[in-house]
Amino acid sequence: MPILNSVYRHREFQHLGTLTGYERAGGWNGMKAALGMAPDDVLYAFHRSGLRGRGGAGFPMGRKASFLPKDTGMATYVVCNADESEPGTFKDREIIEKNPFQLIEGVAIASYAVGCKRAYIYIRGEYGHQAVILAQAIADCRAAGRLGPNAFGQGKPFDITLYRGAGAYICGEETAMLESLEGKRGQPRLKPPFPAVAGLYGSPTLINNVETLAALPPIMHRGADWYAALGPEKSPGTKIFSVSGHVLNPGNYEIIMGDTTLRELIFDMAGGLREGRELKACWPGGSSVPVLTKDHLDVPLDYESLAGVGTFLGSGGCIVMDDSGCIVRASWRLAHFYRHESCGKCTPCREGTGWLEKILERMVHGEGRMDDLDMLESLFGRIADRVLCALADGAVAPIKSALEYFRDDFVKVIEDRGSPVPEPMGVTNG
Amino acid sequence: MTTHEIQEFLAPIRHEFAEERSLVLPALRFAQEEQGWLPTDAMRAVAEATGLSQAYVESVASFYDRLYTEPQGSRVISVCTTLSCMLRGSDELLAHIGNRLGTGGVGTTDDGQFTVQRAECLGACDRAPCLQVDSGDQLGPLTHEAADEIIAQLRADGVPTRYDR
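Protein sequence lines, in the order shown, are assigned to chains S and P. Under the numbering used here, the first residue of the first sequence is numbered 117, with each subsequent residue one higher. Under the numbering used here, the first residue of the second sequence is numbered 95, with each subsequent residue one higher.
Hints are not guaranteed to be accurate.
A few chain S residues that face chain P, going by a derived Cβ cut-off under 7 Å, partial list only [said to hold, decoys possible]:
#	residue
1	Gly241
2	Glu242
3	Tyr317
4	Gly318
5	Pro366
6	Val415
7	Ile435
8	Leu450
9	Phe453
10	Ser494
11	Arg498
Simulated from the structure, these hints should not be mistaken for laboratory data. Note that the coordinates shown come from a computational prediction; the quantities given were computed from them, not determined experimentally. By construction, the Cβ of each residue, glycine as well, lies at the ideal position given by its N, Cα and C atoms.
All chains, full assembly: derive it from the sequences and hints.
Here is the structure:
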């Protein structure tokens, strides 16, 4: 099977969770290679590797880094997005828990390339256990001189601050994250200016996901050409998919992009479904992407191929539902999530996600009307694309696609006066 | 939590931020450690320690799910009920815990020992259905019996000395 543990090196080597163990397994070879090069050449290596942002948007990492203006007289910042909150996504958690030093090395390499002396890792508030592990790893690096006054050579300081969020999905949006890091409510900013030009404290800022940054040490050590040759030309490298829901072996799988189909991921790697069950629906890239059906199982897992079937690779959080599940109930649950997490800044999202939830809720509870389907459809276009950030689009995409593929199921739930999957007894709302 | 205690906590990390306002979240988290929520006095102390207005500090605190502006139980049990957990029985797990503790779902027990709340995706769908006590490690996959054992253990542990939520 085309598994390649390049970010998940802890699955190949033991003891990567300690600094000595990490060093013994070749840790800091990437940093060493980078320090032997001019920062611009390191940037060029990012570019040549073809690495794309692993948080969801898939923007070419090297290009993003090259947008940072130089010699502005201001500080330059790197911010690592460890706000992993996309439903169905738990890949960064494993990196932090099992291979934290590779993340730290990656942050350091990116910081060297863009001339950053202090980087921040913004970790979601709920990852308290993971924050303890990462804080210890950072402290160990400081004690060993990997971070601190001479991190990039004699008299060349670099350090990392771990910053804990406090519970807000929206802080995974990069400008909301910056607001939060600046001590404000985590609400997205109007763009442009983009963070590369005016980010943290108005300074040039590079923001990358945990998985993206943790991919850098092997790229610098083994070479950008090695990485670029893995997988398709436009989607090179490895990608971690988190598989969850109705599969026998939920978990993370790091695969070479394009070499594996959705079918292989679900049925070979994640163990497939329970006996006698069939696939009903799959959200392949976190919950904010259009849903797929059993007709899409042979799509290769890379950015272009998934876009080709109308969805997104997203964060790689692959949620699987078999035919025991109800697509209307699932859509309602997702609508609840986005309504709860909407920051309230833009009216179409604040009001629209509330209506999506309300309409789907009454369908599930037997109070749906046939014209609710028209109302849902009229809402989609009034919410998406009319707001500052991608949350609203993420709220619409799974529901709109569900209605396209499974319209009969919605009609049946309305006609039968409720979802075929019953509510557990005795749960109060909240 | 006094203003002085918060200032002492902030002193060693102050230099890590170009603007003082960045200290407000660390200060609020620290202030919350004492009682597990943020009473008005704690907000005032954070405001004084950071040089921001109390209204501003409260507006920030009210934005985040894990900063509590109302009293909470000694232990906050967050049951993830987002899609991946729902598909593996999180609603039934929440109902079971609610029935066991007498909260009937989300809410705080009469003795103030537990608050049960729904959580949005806790990033542990491989452990679904899962829950988290305060901001501890995500526990799962949980049977109802395993949830009972967690509750029994928490009862035996008693009231924590610091709260990390």
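Can the hint on S:Ile435 be confirmed by a CB-to-CB distance to chain P that is less than 7 Å? At 5 Å from the nearest chain P Cβ, S:Ile435 passes the 7 Å test, so the hint holds.
Would you settle whether the hint for S:Tyr317 is holds or violated, based on the nearest Cβ-Cβ distance to chain P being less than 7 Å? holds, 5 Å
S:Gly241 was flagged as interface toward chain P. Is the shortest Cβ-Cβ separation under 7 Å? Holds: closest Cβ of chain P sits about 4 Å from S:Gly241, inside 7 Å.
Can S:Phe453 be said to touch chain P, with a Cβ gap under 7 Å? holds, 6 Å
How about S:Val415: closest beta carbon in chain P under 7 Å, or not? At about 21 Å, which exceeds the 7 Å cut-off, the nearest Cβ of chain P leaves the hint on S:Val415 violated.
S:Pro366 as an interface hint toward chain P, with CB separation required under 7 Å: Where the cut-off is 7 Å and the nearest Cβ of chain P is about 4 Å from S:Pro366, the hint holds.
Would the stated hint for S:Leu450 survive a check requiring a Cβ distance to chain P of less than 7 Å? holds, 6 Å
Holds or violated: is the Cβ of S:Glu242 closer than 7 Å to a Cβ in chain P? holds, 6 Å
Close enough to count: is the Cβ of S:Gly318 nearer than 7 Å to one in chain P? Violated - the Cβ of S:Gly318 stays beyond 7 Å from chain P, reaching only about 9 Å at its closest.
Chain P contact restraint for S:Arg498 - C-beta distance below 7 Å: This interface hint is violated because 24 Å lies over the 7 Å limit.
Hint check, S:Ser494 versus chain P [nearest Cβ-Cβ separation less than 7 Å]: violated, 25 Å
Going through the hint list in order, the structure does not satisfy hints 4, 6, 10 and 11.
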